[in-house]
Amino acid sequence: MKAIVFLIGIASVGLSMAATSGVTRIVPAVVPTAHWGSVRASTVSIPVVLPPGCDSAELTIVNLSGTTVASETFNADAAYSWTVFSGAAPKEEDFFTLTLVGKSGSTVLSEETATLALVKGAFGTVEARTDPSAPAWRWAGDNLVLPYSCKWSDSGETDLSLALAKSGLDSVTDELAGTGWYGKRLKGTEYGSGDVSLALACGSAECTAVIARLMTGTLLMFR
Amino acid sequence: MTIKNLLCAGACGLSLAGLAAPTVSDVVIQPRWPWSTKVDVHFVLSGVDAPVDVACTFRNDGVALEQPAGSVTGDLTFLENGAYTVTYDPVAAGYGSNVKLPALTVDIVPVTAKLYMIVDLKASLANTAEARISYTNKVVGANSRWDDYYKTNCVVLRYIKAGTFMMGAKSTESSRGIETSFRRQVTLTKDFYIGVFEIPQGIYKRILGSGYPYTAGNDFTAEQEFRPVARVSYAHMRNDSWSCTNSLAEARTVTDGCWIGKFRAKTGGALQFDLPTEAQWEYACRAGTDTSFYNGYDITSASATHDGNLDPLARYRYNDGFKDDGATDPLSEYATVSTANGTARLGTYAPNAWGLYDMLGNAAEWVLDWCSGQANTEQQDEAIAQTVDPRGPRTSNDMSRKFRTIKGGSWYDGASTCRCSSRTYGKSETGYRTEQHAGFRLCLTPNEY
Chain A
433 MKAIVFLIGI ASVGLSMAAT SGVTRIVPAV VPTAHWGSVR ASTVSIPVVL
483 PPGCDSAELT IVNLSGTTVA SETFNADAAY SWTVFSGAAP KEEDFFTLTL
533 VGKSGSTVLS EETATLALVK GAFGTVEART DPSAPAWRWA GDNLVLPYSC
583 KWSDSGETDL SLALAKSGLD SVTDELAGTG WYGKRLKGTE YGSGDVSLAL
633 ACGSAECTAV IARLMTGTLL MFR
Chain B
125 MTIKNLLCAG ACGLSLAGLA APTVSDVVIQ PRWPWSTKVD VHFVLSGVDA
175 PVDVACTFRN DGVALEQPAG SVTGDLTFLE NGAYTVTYDP VAAGYGSNVK
225 LPALTVDIVP VTAKLYMIVD LKASLANTAE ARISYTNKVV GANSRWDDYY
275 KTNCVVLRYI KAGTFMMGAK STESSRGIET SFRRQVTLTK DFYIGVFEIP
325 QGIYKRILGS GYPYTAGNDF TAEQEFRPVA RVSYAHMRND SWSCTNSLAE
375 ARTVTDGCWI GKFRAKTGGA LQFDLPTEAQ WEYACRAGTD TSFYNGYDIT
425 SASATHDGNL DPLARYRYND GFKDDGATDP LSEYATVSTA NGTARLGTYA
475 PNAWGLYDML GNAAEWVLDW CSGQANTEQQ DEAIAQTVDP RGPRTSNDMS
525 RKFRTIKGGS WYDGASTCRC SSRTYGKSET GYRTEQHAGF RLCLTPNEY
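Residue numbers (our numbering), protein chains in the order written: chain A, 433 to 655; chain B, 125 to 573.
No wet-lab data here; the hints were simulated from the structure. Where is the CB? At the ideal position from N, CA and C, for every residue including glycine. Some hints here could point you the wrong way.
Here are the simulated lysine-lysine pairs, PhoX-like style, with alpha carbons at most 25 Å apart [unchecked claim]: (1) B:Lys262 to B:Lys238; (2) B:Lys314 to B:Lys285; (3) B:Lys386 to B:Lys526; (4) A:Lys552 to A:Lys523; (5) A:Lys616 to A:Lys598; (6) A:Lys616 to B:Lys162; (7) A:Lys616 to A:Lys552; (8) B:Lys246 to B:Lys447; (9) A:Lys619 to A:Lys598; (10) A:Lys583 to B:Lys162; (11) B:Lys285 to B:Lys262; (12) A:Lys616 to A:Lys523; (13) B:Lys285 to A:Lys583; (14) B:Lys314 to A:Lys583; (15) A:Lys619 to A:Lys523; (16) B:Lys314 to B:Lys238; (17) A:Lys523 to B:Lys162; (18) B:Lys238 to B:Lys390; (19) B:Lys162 to A:Lys552; (20) B:Lys162 to B:Lys386; (21) B:Lys224 to A:Lys523; (22) A:Lys552 to B:Lys224; (23) B:Lys551 to B:Lys386; (24) B:Lys526 to B:Lys551.
One-sided and incomplete, this derived list gives chain B residues near chain A with beta-carbon spacing under 8 Å [unchecked claim]: (25) Asp150; (26) Val152; (27) Gln154; (28) Ala188; (29) Tyr273; (30) Thr276.
Looking at chain A on its own, in the form it has when it is part of the complex (with noise of 0.2 Å):
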């Protein structure tokens, strides 16, 4: 793979934005982009504008680990620099809940979020698997970082959800819309390991996927 730009920028994190529509848009790139949210440089440029009336704005980025990797506070209109990962490639993929709370005073006047995922296929190889019935088709890693896109049918809709279950756990339906990534934290939570059963429906489109994560240590053998 080759032609990775050394640029994204996080555009209207701001309240420029959620005064009219209420809703965060990112686009990661600084060519215009129509496509998902992804990190493909390991520093990124998020551009923060201070809502109106509010005299500082706190950006806060948090990982599927729920370890906050970044937290800033902004008193004027600035671009934010982010580092993402160290070296060439990330160990891991991830998943960042960016939250940008506007504020006058103590007064808190506004909150918006965002997301942006990291994946590995914008930094090398990946492997692609062929056989849906083979064993290793299944297995997941510690982070779930998932695409999907209503494009994938023909069906004309824009909005999807997502349902994981799990035996012994409540089903949780996520809704989502158009193209994207979903991320989810399996190792050291309930769904941890043992199988999870995904379904995509788009419209009357679907698409199920039974994935699971191997627990580190299980693997025993005697002599």
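With chain A held as given, fit chain B onto it using these hints.
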């Protein structure tokens, strides 16, 4: 890299986009696991000043993978600046179970788009040599226009992407005819090429060699090199072998001795040039519009006479097409050497948004479909029911006269006949003089063959 440098890089990149060579960047390769075995590749294209295609080479651990037709799909052709996605299906490529692709990569390279196909006949018309076929992604010729060389020595076709459109006249359209009944959403699933111009008389004559229909009483003149063939019968031009079964195989059948048969031979025989279907013709004519004319305007007159909205687009009866000089045979207007009346030179009027000339007026144009009638008929119902790749009814509404559909109106017609949706018909098997206003343009649907 500092923030300042980052911002400068972005600004400079954008400002120089028009001058730079086409560049692929921001490549993200993403298997659809666990939903599918397919692999999506997202990328951004910049520096494009004329449409480009992209060539994708998938590799596993550096070794190129098989990429048979259909295994790579998505945004591959006629791309401008923006973000795109292509999809590789390793299973469709033959990599099924027990095949591991642990180190998949892709190279994406911009290549010249095959937006226009140029069939250059100049060197081959006088002998048995094959025509030379080339491609370009923009209009070529003097002053970046298709000049006389291309009009008189070449058949230029433009690539049309498949899509969905509303076929037939809107119910609010003045002077609409029976085509209102055919108003429906139609989807064309296959890309195709269609002629930028109607076939001119000069090329028609030289391809045919003998049996040229205009020599009877009308000597061929140099002026006719530039004007469309406009009184050719369907049978004379492509045979009439598309019989009642309406099968694709029969639809492709033309006789070797007819004009299209000889044109195919001239181009090597592999490319099955033919007439467009009515749906292909109207889709190409509209070029994204849904109005009476392809310039975005509706007809304003309820009569079949003059309409100012059509004047910039077409040679038609009330735009110097017909000169009522008392002659009993209107062909006298057609045969005149002067371009003041009758048909106009190719490309005299404004093209549509896709660069196609004379879709309205000038010569009316034969299409493949049987005529489904001007009244409620079984054939009409059959045609209306077709919404995906329509090919018309299986039979003509009048098989005794073998009516075929004619589109676009002619120099002899009023404005109401020269609308995108209007349709007339002609006897396909009679002599060339009968359908005195009909010519044609060529079409090629590559993936159909």
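Q.
Just to be careful, I want the Cα atoms of Lys616 of chain A and Lys523 of chain A compared with a cutoff of 25 Å; is the pair within it?
A. At roughly 17 Å apart (the allowed maximum being 25 Å), Lys523 of chain A and Lys616 of chain A satisfy the hint.
**Q.** Restraint status (C-alpha distance of Lys552 of chain A to Lys523 of chain A at most 25 Å)
**A.** 8 Å, holds
Q: With a cut-off of 25 Å on the C-alpha distance, tell me whether Lys314 of chain B and Lys285 of chain B pass.
A: Satisfied, since the Cα-Cα distance of roughly 7 Å is no more than 25 Å.
Q) Is the Cα-Cα distance between Lys526 of chain B and Lys551 of chain B 25 Å or less? A) Within the cut-off at roughly 6 Å; holds.
Q: Please work out if Lys224 of chain B and Lys523 of chain A have their alpha carbons no farther apart than 25 Å.
A: 22 Å, holds
Q: Given the hint that Lys285 of chain B pairs with Lys262 of chain B, test it: the Cα-Cα distance must not exceed 25 Å.
A: 16 Å, holds
Q: Could you grab the alpha-carbon distance between Lys583 of chain A and Lys162 of chain B and see if it respects the 25 Å cut-off?
A: 13 Å, holds
Q) CA of Lys616 of chain A to CA of Lys598 of chain A, is that 25 Å or under? A) With Cα atoms ~14 Å apart, Lys616 of chain A and Lys598 of chain A stay inside 25 Å; holds.
Q. Taking only the CA atoms, is the gap from Lys552 of chain A to Lys224 of chain B under or equal to 25 Å?
A. Status holds; Cα separation ~18 Å.
Q: Have a go at the Ala188 of chain B hint: is there a Cβ in chain A nearer than 8 Å to its own Cβ?
A: Violated, because the Cβ-Cβ distance from Ala188 of chain B to chain A comes to roughly 14 Å (cut-off 8 Å).
Q | Val152 of chain B as an interface hint toward chain A, with CB separation required under 8 Å | A | Interface hint status for Val152 of chain B: holds (4 Å vs cutoff 8 Å).
Q) Is the hint on Thr276 of chain B kept, meaning its closest Cβ partner in chain A is under 8 Å away? A) Since the shortest Cβ distance to chain A is 43 Å, the answer is violated.
When the structure is compared with the earlier hints, violations turn up for hints 8, 20, 28, 29, 30 and for no others.
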